[in-house]
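Residues per chain, in single letters:
Protein chains: 2
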Amino acid sequence: MVPEACHNGGMSFAPLRNDSFLRACLRQATDHTPIWLMRQAGRYLPEYRDTRARAGSFMGLATNTDYATEVTLQPLDRYALDAAILFSDILTVPDAMGLGLSFALGEGPKFEKVVRDEAAVKALEVPDMDKLRYVFDAVTSIRKALQGRVPLIGFSGSPWTLACYMVEGGGSDDYRLVKALMYSRPDLMHRILQVNADAVAAYLNEQIRAGAQAVMIFDSWGGVLADGCFQEFSLAYTRRVLSQLVRTHEGVTIPSIVFTKGGGLWLEEMADLDCEVLGVDWTVNLGQARARVGSSKALQGNLDPNVLFAPPAQVHAEAVKLLDSFGTPHQGPGMGPTHIFNLGHGISQHTPPEHVQALVEAVHGHSRKMRSMPGA
Amino acid sequence: MVPEACHNGGMSFAPLRNDSFLRACLRQATDHTPIWLMRQAGRYLPEYRDTRARAGSFMGLATNTDYATEVTLQPLDRYALDAAILFSDILTVPDAMGLGLSFALGEGPKFEKVVRDEAAVKALEVPDMDKLRYVFDAVTSIRKALQGRVPLIGFSGSPWTLACYMVEGGGSDDYRLVKALMYSRPDLMHRILQVNADAVAAYLNEQIRAGAQAVMIFDSWGGVLADGCFQEFSLAYTRRVLSQLVRTHEGVTIPSIVFTKGGGLWLEEMADLDCEVLGVDWTVNLGQARARVGSSKALQGNLDPNVLFAPPAQVHAEAVKLLDSFGTPHQGPGMGPTHIFNLGHGISQHTPPEHVQALVEAVHGHSRKMRSMPGA
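Chains as they are written, first to last, in our numbering: chain A, 3 to 378; chain B, 3 to 378.
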């Protein structure tokens with residue numbers, strides 16, 4: 003346990019009591035494999051659905067500091083998770099650019115305005131960070147409410163992932179519009195991505211200043227790109243974000259995590275990113291990924307969220323299989339390969355909450371056992 | 003050109019005039035890189051839309067020999083494609099199992115009955131191939147109508163891909179139901195996949211007897227599986243299909259192609275399959291795939307279909323880039339690495355038909371040039 007004196011604009015945060023997640027990010031030894039879950043504060047929890055009903059809408063929830071704090075802490079009250087993640091959405095930045103984000107009930111995100119022609123691209127600018135004040139306020143409020151239980155992760159969508167939504171106007175099956183623009187007018191696509199990268203960097207830095215102890219870049223749609231295009235239109239702009247990030251805050255290292263869903267083929271190239279952790283989805287074999295990435299990164303992932311629909315005994319067995327596929331993580335002083343347990347994608351809203359309990363217990367129990375095994 | 007004497011149930015087929023596709027499947031030299039496109043007979047062609055309107059429905063089109071023949075030949079009348087593919091659907095086999103396939107206009111496939119419990123799984127059987135007679139009749143009719151212009155490819159969905167639709171009842175975003183069954187009751191999933199594999203093998207063998215000169219297994223949803231599950235629930239059953247396939251018909255080799263969309267991470271394991279060609283999607287670098295797969299397979303793919311939304315000059319440039327990434331294919335006698343140009347997924351219904359013209363010309367033109375370059 004590393005005692006930590008944290009200050010923020012004159013406010014003190016409580017010292018951190020469980021630093022296993024941050025240690026694993028930095029490839030330091032931990033007595034168990036830390037676990038958190040993408041979208042761990044979400045619709046599968048009845049208490050979340052209650053808060054959301056009171057808030058009226060998803061954006062009503064995300065923009066209200068008290069609600070955002072409440073739902074961020076809900077999964078921590080149920081499960082022994084090792085990190086909290088800011089409750090927000092990956093699309094807050096283009097919303098602040100004036101594109102008008104909304105969520106109809108039971109549907110994905112929609113933008114009122116889309117960015118499909120030269121005029122719309124030229125009009126894009128890094129938004130005034132004051133428009134995102136509600137996010138930074140939530141970060142500070144959550145960090146205080148956590149009282150040092152676990153560290154708080156901030157996040158943003160990647161420049162490419164934001165561009166997908168900004169051009170398509172919402173989700174897409176085939177990414178036809180954004181790719182048509184990319185293949186037809188790469189100059190316009192590069193301009194969108196530059197603005198996005200600079201905006202994402204400013205946004206994450208403000209989250210760090212507000213109290214985020216690690217940041218994650220969700221490249222949710224990097225994996226839909228062709229080889230060659232991924233490097234040019236996604237990876238290069240993730241790199242541009244990372245190059246502008248604050249690396250320490252008040253003397254403490256702020257680890258960054260990059261997760262490209264469907265990016266398993268490009269792990270060698272991602273290993274070269276200036277970040278601490280690479281997230282991988284369930285198509286990736288963790289042992290092979292460890293061998294391919296080498297010693298410069300921690301790995302985060304990668305259980306198929308659908309495992310959580312199986313009975314607890316199978317959930318346990320699959321968690322054990324996954325921990326074993328990574329192998330024994332680093333122990334002792336110095337740095338070495340470490341694993342942060344997570345899903346390979348956000349948890350499904352249909353997940354039975356008691357199965358999450360089985361998962362967290364399996365990960366903590368088996369990972370402790372692995373460390374005490376002869377030869378470990 | 004290999005003259006070929008073909009007979010089918012007493013009928014003679016005309017000798018093949020363009021055998022570049024079959025030669026490339028068998029890793030023999032060709033004077034250009036052959037090209038065909040997944041879903042080349044389809045909605046992007048106005049003549050297809052006319053025929054479909056006359057047929058009344060997708061299944062009305064697929065089950066009528068004359069219509070199926072007509073639409074299969076339509077793209078060949080427009081473009082210098084090097085192969086024809088049977089016009090049909092990957093879901094004919096579960097339809098013949100009694101699940102009741104339908105296509106609402108503008109929507110994906112739907113099954114009337116789903117396979118989600120023990121009773122439904124136990125009731126599954128390899129269907130009587132007579133129920134699929136309309137497919138075999140179409141194969142023979144198309145083969146005759148082709149008059150030896152190019153070879154005819156038959157196809158089926160993979161056992162796993164069929165299982166996805168049979169359990170989900172249609173398309174899915176998250177494969178929740180089929181994966182819940184797989185993780186909870188692997189015994190039931192294995193039984194579904196055994197029946198599917200035996201049915202697919204019987205189905206492809208009947209297509210070969212009816213006149214198909216190559217067969218392709220579309221593992222469209224293999225890529226949604228976790229590492230480990232892919233090998234156990236998809237690859238093993240593709241292998242089971244291949245082990246039962248007719249390898250020659252009337253003295254001529256019938257090449258088989260396996261395409262797992264999203265399967266790029268598992269290419270080394272797929273290289274071990276007893277088939278002639280591996281299809282790859284656009285996330286895969288063809289040069290790296292060639293190095294990873296080794297000399298035992300031809301590669302098919304892998305242009306992002308969205309490239310076809312760019313103007314013809316960019317379509318040309320992307321085709322050249324892709325051919326160059328594979329490198330110069332085998333020339334001279336014996337066998338060596340070969341490439342069959344295709345998309346990495348079916349062509350979009352929104353594709354401008356004149357862009358396909360640009361693609362075919364670019365592939366033929368540049369691949370001829372590559373073969374005449376010094377050092378090639």
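Derived from the structure by calculation, the hints contain no laboratory data. This structure is a prediction, so every number in the text was calculated from the model and none was measured. Hints should not be assumed to be uniformly reliable.
When chains are identical, the list treats them as one kind, so a pair holds in a single copy or across two.
[As the list claims (entries may be wrong)] Lysine to any residue pairs mimicking SDA-like chemistry, simulated, CA-CA at most 20 Å apart: (1) LYS146 x HIS251; (2) LYS323 x GLN233; (3) LYS133 x PHE105; (4) LYS124 x ALA57; (5) LYS124 x ASP200; (6) LYS323 x ALA182.
Up to 20 Å between alpha-carbons, please classify LYS133 paired with PHE105: within, between, both or neither.
within (19 Å within a copy, 46 Å between copies)
One pair to classify: LYS323 and GLN233, alpha carbons no more than 20 Å apart. Within, between, both, or neither?
between (32 Å within a copy, 15 Å between copies)
Go through the copies and call it for LYS124 and ALA57: within, between, both or neither, with a Cα cutoff of 20 Å.
neither (36 Å within a copy, 47 Å between copies)
Homo-oligomer pair classification [HIS251, LYS146; C-alpha up to 20 Å]:
within (17 Å within a copy, 74 Å between copies)
20 Å Cα cut-off: does LYS124 pair with ASP200 within a copy, between copies, both or neither?
Intra 15 Å, inter 57 Å, cutoff 20 Å: intra-copy only.
Can you give me the call for LYS323 and ALA182, within, between, both or neither, at a CA distance of at most 20 Å?
Classified as between: cross-chain Cα gap 17 Å, same-chain 41 Å, threshold 20 Å.
Hint violations for this structure: number 4 only, all remaining hints satisfied.
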